[in-house]
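Sequence order for the protein chains is Z and Y. In this text, residue positions in the first sequence follow the working numbering: the first is 1, and each later residue adds one. In this text, residue positions in the second sequence follow the working numbering: the first is 1001, and each later residue adds one.
It is possible that part of the hints are untrue.
[As the list claims (entries may be wrong)] Derived DEER-like restraints, expressed as beta-carbon distance ranges:
{"hint": "1", "chain 1": "Y", "residue 1": "1093", "chain 2": "Z", "residue 2": "287", "range": "25 to 35 angstroms"}
{"hint": "2", "chain 1": "Z", "residue 1": "121", "chain 2": "Y", "residue 2": "1399", "range": "18 to 28 angstroms"}
{"hint": "3", "chain 1": "Z", "residue 1": "208", "chain 2": "Y", "residue 2": "1121", "range": "33 to 43 angstroms"}
{"hint": "4", "chain 1": "Z", "residue 1": "129", "chain 2": "Y", "residue 2": "1114", "range": "55 to 65 angstroms"}
{"hint": "5", "chain 1": "Y", "residue 1": "1399", "chain 2": "Z", "residue 2": "293", "range": "34 to 44 angstroms"}
{"hint": "6", "chain 1": "Z", "residue 1": "121", "chain 2": "Y", "residue 2": "1109", "range": "55 to 65 angstroms"}
{"hint": "7", "chain 1": "Z", "residue 1": "306", "chain 2": "Y", "residue 2": "1484", "range": "39 to 49 angstroms"}
{"hint": "8", "chain 1": "Y", "residue 1": "1308", "chain 2": "Z", "residue 2": "291", "range": "48 to 58 angstroms"}
The set of hints was computed from the structure by calculation and includes no laboratory data. None of these values were measured; they are calculated from a predicted model. Don't be surprised by glycine CBs; every beta carbon is placed ideally from N, CA and C.
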Amino acid sequence: MNLRRAIISYARPFGTLAVLVALGGIISVLTPYFLTVPNLLNVAQQTVINAVIAVGMTLVIISAGIDLSVGSILAFAGVVLAQALHAGWPLPLAILAGVGVGTACGLVNGLLITMGRLPPFIATLGMMSVARGAALLATGGRPVSGFGESFRWLANGRLATVPAAVVLMLLVYAAAYFVLRRTKFGRYVYAVGGNEEAALLSGVPVGICKIAIYGSCGGLAGLAAVVLTSRLNSAQPIAGLSYELDAIAAAVIGGASLMGGEGSVLGTLVGALIMGVLRNGLNLLGVSSFVQQVFIGVVIIAAVLLDMLFKQRKR
Amino acid sequence: MDHSVQTVLSMKGIVKRYPGVVALEGVDLDVRRGEVHVLLGENGAGKSTLVKILAGAVRRDAGTLEIEGRAYELSTPREAQTAGVSVIYQEFNLVPGLTVAENIFLGREPRGFLPGFIDQALLVSEAERILHGLGVVIDPRSVVRSLGVAEQQMVEVAKALSVDARIVVMDEPTSALTEREIGRLFMVIRRLRERGVAIIYISHRLDELFQIGDRVTVLRDGRLIGTRVIAESTRAGLIRMMVGRDLTEQFPPRGATVGEEVLRVEGLTRRGVLDGISFVLHRGEVLGLTGLMGAGRTELARALFGADPIDAGRVWVRGSEVVIRSPQHAIRLGLGFLTEDRKRQGLVLGCSVTENICLASLDRFSRGGVMQAGNERAEASRLASELRVKTPSLGERVLNLSGGNQQKVVLGKWLCRSAEILLFDEPTRGIDVGAKAEVYQLIRRLSAAGKAILIISSELPEILGLSDRILVMSRGRLSGMFGAAEATPEAILRCALGADAA
């Protein structure tokens, strides 16, 4: 009985997992280099940025919202971080500044949506432009480059053989899984997305929840900015263009429903990995990046179509 | 006329299985021209599955289906429509922003001067003709959003007629209507019947079926129990067929003693909605609140619960004056609100039984924000068995539960929270006779255990059978108050109609 239920509730992430494994299988047949430890670690490392942003996006999507501003927030948080480092701030403080700026932008999103009663699409569309403009203003449109060894270690260093950034990503996912599955806040996120009015009438602090959700989403974009800046040894005010769409794609491939109330971080992780594997495999095969775009679009649509078929079958 | 012409619809040996559940097990249904055929059964009996098969929304696993002697597969809603089947669901399928005429002819607009253009004049005049034929006065040019529920329903009926439906299915058509509107709906149904349209009518209200029905088919647990001529049936007989046992004690006797005052309301006012409402509620008391639709009953509950702001008035809970600003605050004060529309306001349908039961009390089941899943499951399991919630497991999504069981889950949510003052808004709406009796017993048990209960209901027998005292509202004001002994349906109705209480 419990086993059956467990299988049903985990079938969805496993279904996506099956797609990931199949994809990996096909690519490894076509190019043997794919299935080597260095390359797989490389895939994981390439996935970190999208995967970290997608965690926040998953929270937002489960709550029946959307956040279009994460790419711009990433850019803004990145340049703030870079300028703090150049100004000689200690490393932890500079990182805190970057993540803090991201969180602050997210909190503003949340306030606009709850207090201002703006639809999430509009509020975050506005923030997308505001944060981008702020990043450009702060830097005069020029990249901020060149940092110390210890900062660059974050994205490029290794713990044993595992890239530090991958460890960070796994920690973020473990924490997000715990929060969504095991805490009161996590339960509220599903309730708010599943039926906001019922949640409100059951005493769920809907407004505070939403503010916290968008705040976390912005904060995670800030964290992704730390990794990206460290990797490139440079913060670009035009970084993160269309990252919001990648994050939405990862969440949706992973089974999150834009109607709210459904989704899981594990699914999102698999979704982000599918996108990473696809890009890496197509690169290895020498497929042009133009064709890659087409492939990724097809995968997004196919994943959601499969998901809908799967749900209809259960009806 | 020979028999084959008389019979419009003949369904034989219909079987539908879902994983783990048999929804229909060899059900037969035959419906004749110009009859109102009532489909009766508790929730989960298989009525809606049968209707969905007829509507082409669900595919049957076995059985045959003939409409006017022709066999049909009916694998899509479109095919069902072409075959002459039209279904009016409880949730209407109208586009709120379009006009009545546009809705009636949606997808089949009369072609205008050029392809792609619509002949507006013809559209309106045709709509007018159909509405007139139904004997209803609605301007075909008015926007659907601006119409009341009853009028929207008439638009649905008109839409069904415009496609020349020979079989019209009505799923609980009266659940949101007032007495007068029901009367008008019945007139329209009779008119359809005269025209030879076959009507399949689903309702939980037994009174209605005696008023409007010709024959009745009873289902129980996915099986056909029997088809009867209504004129030859009795209420008790039908109830027995539905539940498989006698339900003598619909309303359990009062047992509770009324204790001290727990809620006092004075001069509660919300401009245009509530006007100077005052009353008190005691421990162990069941206070009935009735009135016509739109009298302000639900609004009163919402205002008390902090869901809507108030303009004036004072409220005391257990002797101390409070200003309730939000549902959260109301819940902390020990109030619980069982809303009228459980799907939209009471439940998170995609969440499990456990998650819904515990939703209002997560503080109890968490420490430092971390859920204690064991405690939560134990409490949910205790309440679910106490309330006799029928569910495959506590992890089941409430989406998949029947109406009565969903209602018990909402009730469980407030019991879990140990709410002391319970506001019940139409607690038995859309649930079947058996589940109703259970809800009545639960209300009795709760009041015996010292809960203070305000029960809002449109069903007079329910109000009369349960309440210790009865409040009547009319146009936002209290128009009467009765003790259980002195209340009569006539007196209450007079107050409700606003024929000044005196």
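Evaluated hints:
1. Y:1093 - Z:287: 25 to 35 angstroms: Since residue 1093 of chain Y and residue 287 of chain Z have Cβ atoms about 46 angstroms apart, the given range 25 to 35 angstroms is violated.
2. Z:121 - Y:1399: 18 to 28 angstroms: 27 angstroms, holds
3. Z:208 - Y:1121: 33 to 43 angstroms: 55 angstroms, violated
4. Z:129 - Y:1114: 55 to 65 angstroms: 42 angstroms, violated
5. Y:1399 - Z:293: 34 to 44 angstroms: The hint (34 to 44 angstroms, Cβ to Cβ) holds, given that residue 1399 of chain Y and residue 293 of chain Z are roughly 38 angstroms apart.
6. Z:121 - Y:1109: 55 to 65 angstroms: 32 angstroms, violated
7. Z:306 - Y:1484: 39 to 49 angstroms: With Cβ atoms ~60 angstroms apart, the hint is violated.
8. Y:1308 - Z:291: 48 to 58 angstroms: 57 angstroms, holds
Checked against the numbered hints above, the structure violates hints 1, 3, 4, 6 and 7; every other hint is satisfied.
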